[in-house]
Amino acid sequence: MKISRNICVVLIFLLQNLNAQTSSLEKINLSNWGFIYLPKAMEVQSGIYKQILDDSKKEFSVNAERVVFQQKGLNNGENKETYARVIIRTDTGTETFPNLNTEKINVTDLSDLNKSFKEQTYESANNPTFPVKIINWNAVKISTINGQKCINYSYTRKMGSNSETYSEFFIFWKGKKQHTINIEYRINEISKWKTELLNCVNSLRIK
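Numbering-wise (my numbering), the sequence shown opens with residue 1 and increments by one.
Hint data in this document are derived by calculation from the structure and do not stem from the laboratory.
Note that the structure is predicted; figures quoted are calculated from it, not measured.
Cβ coordinates follow ideal geometry from the N, Cα and C atoms, glycine included.
Heads up, some of the hints might be wrong.
Claimed, not checked - In silico BS3-like links for lysine-lysine, alpha-carbon gap of 25 Å or less:
{"#": "1", "residue 1": "K27", "residue 2": "K118"}
{"#": "2", "residue 1": "K104", "residue 2": "K158"}
{"#": "3", "residue 1": "K27", "residue 2": "K192"}
Claimed, not checked - Have a look at the derived ranges for each label pair, beta carbon to beta carbon:
{"#": "4", "residue 1": "K80", "residue 2": "T102", "range": "40 to 46 Å"}
{"#": "5", "residue 1": "N162", "residue 2": "E78", "range": "28 to 34 Å"}
{"#": "6", "residue 1": "F97", "residue 2": "M159", "range": "29 to 35 Å"}
{"#": "7", "residue 1": "K207", "residue 2": "K158", "range": "33 to 39 Å"}
{"#": "8", "residue 1": "N32", "residue 2": "N136", "range": "33 to 39 Å"}
{"#": "9", "residue 1": "A139", "residue 2": "E103", "range": "14 to 20 Å"}
{"#": "10", "residue 1": "K80", "residue 2": "T156", "range": "19 to 25 Å"}
{"#": "11", "residue 1": "L110", "residue 2": "L198", "range": "19 to 25 Å"}
Just need the whole structure built from these sequences, with the hints factored in.
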């Protein structure tokens, strides 16, 4: 009984700590499909969102098909010495996507998905105007974010003389909608941004 009480105390403490952390963050409503919390060190790229006049809730509403979080201060031309992005995008297909939460994804399925996303990535990288070199590719896997399974892959890229950048994708299928979250940061700033951006992804809730 004493062990059970101790476990309950620990759980209550963790829940209170989590609530305290999220209550101080800005909640971003993503049209009608979910919400996510904006990291303290980031801001929403200006011109693509509508603020709900409720400062006490620190709540914003986003109706765009694409929204970008960036390092705070960039909207005012500041903080250009670092680089971090959370890019949230919704695409609508003509057919209903498989339900990743119920469909059994086997090795062949993963191989096909990996081939498809890898080909798309390398094709985009071969843009003659802005050529990008893919340094490293991490194959597609199925991950789970707050009970929702998603397609997850990542790669490292380099453009011109710029520093190498890490890019990771989390793709959720719901009906005919594909919701994509893409996080990006420079490899040499991994200690500055990795945890913050992954915490942002893990705050996602899909309705």
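So, going through the hints one by one against the coordinates:
The straight-line distance between the Cα atoms of K27 and K118 is roughly 33 Å, outside the 25 Å bound, and the hint therefore fails. Distance restraint check for K104 and K158: the Cα-Cα separation of roughly 35 Å exceeds the 25 Å cut-off, and the hinted pair is therefore not satisfied. Between K27 and K192 the alpha-carbon distance is near 22 Å, which keeps this suggested pair within the 25 Å criterion. Distance hint check: the CB atoms of K80 and T102 are about 45 Å apart, consistent with the given range 40 to 46 Å.
Taking 28 to 34 Å as the suggested C-beta distance range, the pair N162 and E78 does not conform, at roughly 20 Å. Between F97 and M159 the beta carbon distance is about 31 Å. The supplied range of 29 to 35 Å therefore holds. Taken as a hint, the range 33 to 39 Å holds for the pair K207 and K158, whose Cβ atoms sit roughly 38 Å apart. Checking the proposed 33 to 39 Å range against N32 and N136 shows it holds: the Cβ atoms sit about 37 Å from each other.
A139 and E103 have their C-beta atoms about 19 Å apart, which keeps the hinted 14 to 20 Å range intact. Evaluation of the 19 to 25 Å hint for K80 and T156 yields a pass: the beta carbon distance comes to about 22 Å. Separated by about 22 Å at the C-beta atoms, L110 and L198 satisfy the suggested range of 19 to 25 Å.
Consistency with the previously given hints fails for numbers 1, 2 and 5, ordered from lowest to highest.
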